[in-house]
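Q: Sequence:
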Amino acid sequence: MEEVFKSFCSFGAGKDGAALMDNSKFAKLARDLKLLDKKLTATDVDIIFNRTEVKPKRTRKIRYEQFMLALQYMASKKYPGDEEGFQKLQQVILKGCGPKEVKTTKSTNKDVVGRLTDTTKYTGSHRERFDEDGTGKGLGGRYATDATTQNALSGYVGAYKGKDTYDEVH
0 MEEVFKSFCS
10 FGAGKDGAAL
20 MDNSKFAKLA
30 RDLKLLDKKL
40 TATDVDIIFN
50 RTEVKPKRTR
60 KIRYEQFMLA
70 LQYMASKKYP
80 GDEEGFQKLQ
90 QVILKGCGPK
100 EVKTTKSTNK
110 DVVGRLTDTT
120 KYTGSHRERF
130 DEDGTGKGLG
140 GRYATDATTQ
150 NALSGYVGAY
160 KGKDTYDEVH
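Counting along the sequence shown from 1, when you hit position 22 you're at 21 in numbering that gives the first Met the number 0, and nothing is skipped either side.
Hint data in this document are derived by calculation from the structure and do not stem from the laboratory.
Treat the hints with care, as some may be off.
Lysine-lysine pairs mimicking DSSO-like chemistry, simulated, CA-CA at most 27 Å apart [what the hints assert, rightly or not]: (1) Lys109 <-> Lys76; (2) Lys38 <-> Lys76; (3) Lys37 <-> Lys120; (4) Lys56 <-> Lys76; (5) Lys27 <-> Lys37; (6) Lys38 <-> Lys87; (7) Lys94 <-> Lys38; (8) Lys160 <-> Lys120; (9) Lys27 <-> Lys120; (10) Lys94 <-> Lys109; (11) Lys60 <-> Lys87; (12) Lys109 <-> Lys60; (13) Lys60 <-> Lys94; (14) Lys33 <-> Lys94; (15) Lys120 <-> Lys94.
None of these values were measured; they are calculated from a predicted model.
Modelling step: build the complete structure from the supplied sequences, incorporating the hints.
A: Below, the structure written as structure tokens:
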């Protein structure tokens, strides 16, 4: 049970995910593990989370011990009058998987992404930011080097290659 708790606590928190659960992740646990039905609604889950026995006032997150107490309240609401309700709820939670990603954008067309990230097809000053093998030059490709600074001071733009090639006769 503690692994399920930690997986929902750290969902979306990155590598700094603490072992504390807020109300939205508690509701996500109930939704993702399909605990909600006519007897246990999303409103009931919010009320259980905000009970003073579960979460003290002026706090926003709960620890594992408080989470287990909230599950006992959920079991009594979902399985009223059943002595084995808490064990049933634990079995349902343990059978389910971790948090699910909903409505996330995935790249579907690799050709489009490949065309947009192919540095050999870049034009203009963008081409100057990459080496021949396609790796970026970093800040050296973004800011003017000594040669391009001299071009800029003499009136030429950074990507202009034809300095001193203009015919003076015309």
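Q: State for each hint whether it applies.
A: Taking the hints in turn, this is what the structure says about them:
Restraint check for Lys109 and Lys76: the C-alpha separation of about 48 Å exceeds 27 Å, so the hint is violated. Taking the CA atoms of Lys38 and Lys76, the gap is near 7 Å; set against the 27 Å cutoff, the hint holds. Between Lys37 and Lys120, the direct Cα distance comes to roughly 58 Å. Violation of the 27 Å bound is thereby established for this hinted pair. Between the alpha carbons of Lys56 and Lys76 the distance comes to roughly 22 Å, so the proposed pair stays at or under 27 Å and holds.
Distance restraint check for Lys27 and Lys37: the Cα-Cα separation of roughly 17 Å lies within the 27 Å cut-off, and the hinted pair is therefore satisfied. At most 27 Å may separate the alpha-carbon atoms for a hinted pair to count; Lys38 and Lys87 meet this at roughly 15 Å. Pair hint Lys94 plus Lys38 holds up; C-alpha atoms about 20 Å apart against a cutoff of 27 Å. The straight-line distance between the Cα atoms of Lys160 and Lys120 is roughly 18 Å, inside the 27 Å bound, and the hint therefore holds.
A distance of roughly 45 Å separates the Cα atoms of Lys27 and Lys120; the hinted pair therefore is violated under the 27 Å criterion. Taken as a hint, the Lys94 and Lys109 pair is broken in the structure, with Cα atoms around 35 Å apart against an allowance of 27 Å. Pair hint Lys60 plus Lys87 holds up; C-alpha atoms about 25 Å apart against a cutoff of 27 Å. For the hint linking Lys109 to Lys60, the alpha-carbon distance of about 41 Å lies beyond 27 Å, and the restraint is violated.
Distance restraint check for Lys60 and Lys94: the Cα-Cα separation of roughly 25 Å lies within the 27 Å cut-off, and the hinted pair is therefore satisfied. For the proposed pair Lys33 and Lys94, the alpha carbon gap of about 11 Å is at most 27 Å, so the pair holds. For the given pair, Lys120 sits about 50 Å from Lys94 by alpha-carbon distance, which is inconsistent with the 27 Å threshold.
The structure is inconsistent with the numbered hints 1, 3, 9, 10, 12, 15, although it conforms to all the rest.
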